[in-house]
Amino acid sequence: MKCVTCRGPAIIDIRRHNSNFCAEHFIEQCHRQVRKAIEEFEMFGPDDKLLVAVSGGKDSLAIWDLLVDLGYEADGLYIGLGIGDYSDTSLDHARAYAHSRDLRLIEVDVPSTFGFDIPNGSRAAKRVPCSACGLSKRHLFDEEAIKGGYDVLITGHNLDDEAAVLFGNTLHWHTEYLGRQLPVLPARDGFPRKVKPLVRLAERETAAYCIVKGIDYLVDECPMAAGNKHLSYKNALNEIEAMSPGAKHSFYFGFLDRAAAFFEVEASIDREGLGACASCGAPTTSEICAFCRLVDRAGGQLPERTGVSAVSVDLGPTRTGSVQ
Amino acid sequence: MQVKVRLHNPRRDLEIEGPITIINLLARLDLNREAVLVVRDGELVPGDESLSDDDSIEIRPVISGGAL
Ligand code: SF4
Ligand SMILES: [Zn+2]
Ligand SMILES: [Zn+2]
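From first to last, the protein sequence lines stand for chains A and B.
In this text, residue positions in the first sequence follow our numbering: the first is 1, and each later residue adds one.
In this text, residue positions in the second sequence follow our numbering: the first is 325, and each later residue adds one.
Treat the hints loosely; a few may be bogus.
As the list claims (entries may be wrong) - Per label pair, the in silico range of CB-to-CB distance:
| hint | chain 1 | residue 1 | chain 2 | residue 2 | range |
| --- | --- | --- | --- | --- | --- |
| 1 | B | I347 | A | S232 | 20 to 28 Å |
| 2 | B | I347 | A | L70 | 32 to 40 Å |
| 3 | B | D372 | A | H99 | 33 to 41 Å |
| 4 | A | S268 | B | D337 | 49 to 57 Å |
As the list claims (entries may be wrong) - Far from chain A by the CB rule (all over 12 Å, computed), these chain B residues:
| hint | residue |
| --- | --- |
| 5 | M325 |
| 6 | V327 |
| 7 | D337 |
| 8 | E339 |
| 9 | G342 |
| 10 | P343 |
| 11 | N348 |
| 12 | R352 |
| 13 | L353 |
| 14 | D378 |
| 15 | D379 |
| 16 | S380 |
It is worth saying that the hints were derived from the structure and are not from the lab.
All values reported here derive from a predicted model rather than from experimental measurement.
All residues carry an ideal CB built from backbone N, CA and C; glycine is no exception.
Hey, can you work out the whole structure from these sequences and the hints?
Listed below in structure tokens is the structure:
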């Protein structure tokens with residue numbers, strides 16, 4: 001196997017590009033793909049203040065590292081979910097990486113701040129752990145991004161993640177989600193702009209990137225993930241990919257090019273009628289937002305808000321609490 | 325001596341008779357090449373490389389689960 005760029009010995013083959021790379025040119029290839037995603041989808045510019053959601057796993061550490069290498073300034077945000085050893089270890093990995101590159105890592109610990117953890121809280125709230133966890137993370141990402149004055153929230157979703165979510169949403173024709181499954185979600189009242197600069201890299205490549213760069217990510221899986229549908233969709237897509245390299249890419253990017261626009265209207269209906277959550281101030285279409293309801297059902301408690309809380313969100317003159 | 329192979333989720337160790345290429349090893353273990361990387365001494369091992377009897381490698385899954 002020879003590197004497509006320098007003809008030296010290759011360390012990885014990327015079948016959908018029909019190319020092999022040596023370590024140096026593989027890193028270059030990752031830079032190129034991330035740069036291309038940022039430019040193609042107009043994700044952000046050199047002056048934007050970036051916040052990266054960091055879990056300690058391969059994708060989030062890879063994107064943080066890639067952005068810093070590409071010259072962006074980006075802080076990290078870690079959410080502690082109280083998932084036993086997994087959470088402790090993932091925090092260690094996130095901290096160690098931040099420390100190694102002298103980067104700022106913001107930490108929010110769910111158990112000590114909100115009085116519940118994902119394993120017990122989801123059981124009490126009668127929710128699937130990953131759904132309670134996903135809801136909590138999304139809420140806290142938004143809240144911290146707005147609170148910290150960041151222009152853009154960055155997540156480590158890769159090509160496999162996006163293809164698998166698309167697969168699930170298509171399998172069940174969740175048309176209400178299809179119009180929102182984009183690499184960029186623009187900022188709107190109370191929500192930061194959200195972008196996914198890894199969409200052009202497969203999961204195997206983000207892991208390889210970390211190994212080649214010597215980034216010590218957490219290899220072990222979250223114990224709550226076992227058997228969830230997302231994993232089975234990924235496995236199904238990888239079976240197809242093995243027979244037909246490039247299938248995941250054409251499924252997802254073909255959707256973006258030729259199908260996503262058909263679902264936009266339905267997705268935008270969802271965005272109407274936002275008000276502020278009576279409890280935490282976050283934007284919501286209900287009186288109390290989904291996160292605050294989860295905290296309550298999970299047996300937790302919202303922290304005392306001191307005066308005009310920094311987390312409360314200014315919805316602007318047209319949106320203050322009224323349904324439009 | 326045999327090729328030592330470490331697998332994850334659940335973590336376990338196997339011994340396989342060499343020489344064997346990575347591609348054949350993965351096929352023999354019924355693993356999808358899209359879903360794993362092979363690592364030896366902290367470095368990636370390409371698919372066409374042949375492992376000999378005193379090699380010790382790790383087959384690392386790259387698929388993460390969880391809601392997004
Ligand atoms: S696997 Fe599920 S519970 Fe675990 S971190 Fe991911 S979303 Fe949360
Ligand atoms: Zn090269
Ligand atoms: Zn709320």
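Hint-by-hint comparison with the structure:
One distance hint, 20 to 28 Å for the beta-carbon pair I347 (chain B) and S232 (chain A), holds here, with the actual separation near 25 Å. In this structure the hint that I347 (chain B) and L70 (chain A) lie 32 to 40 Å apart at CB holds, the actual value being about 33 Å. Our hint of 33 to 41 Å for D372 (chain B) and H99 (chain A) holds, since their Cβ atoms are close to 38 Å apart. The supplied range of 49 to 57 Å is met by S268 (chain A) and D337 (chain B), whose beta-carbon atoms lie about 53 Å from each other.
Every beta carbon of chain A lies more than 12 Å from that of M325 (chain B), the smallest distance being close to 25 Å; the non-interface claim holds. Non-interface status of V327 (chain B) relative to chain A is upheld: no Cβ of that chain comes within 12 Å, the nearest being about 19 Å off. Residue placement check: D337 (chain B) keeps its beta carbon more than 12 Å from all beta carbons of chain A (closest about 15 Å). Interface exclusion of E339 (chain B) from chain A stands, the closest Cβ pair being 22 Å apart, more than 12 Å.
Every CB of chain A lies more than 12 Å from the CB of G342 (chain B), the least distance being 19 Å, so the non-interface label holds. Residue placement check: P343 (chain B) keeps its beta carbon more than 12 Å from all beta carbons of chain A (closest about 17 Å). A cut-off of 12 Å between C-beta atoms confirms that N348 (chain B) is not in contact with chain A; the least separation is 15 Å. Consistency note on R352 (chain B): stated as away from chain A, and its beta-carbon is indeed over 12 Å from all of that chain's, at 15 Å minimum.
For L353 (chain B), the condition that its CB be more than 12 Å from all CB atoms of chain A holds, with the nearest at approximately 14 Å. For D378 (chain B), the non-interface assignment is confirmed: its Cβ lies about 21 Å from the closest Cβ of chain A, beyond the 12 Å cut-off. Interface exclusion of D379 (chain B) from chain A stands, the closest Cβ pair being 16 Å apart, more than 12 Å. Against the 12 Å criterion, S380 (chain B) stays outside the reach of chain A, whose nearest CB is about 16 Å from its own CB.
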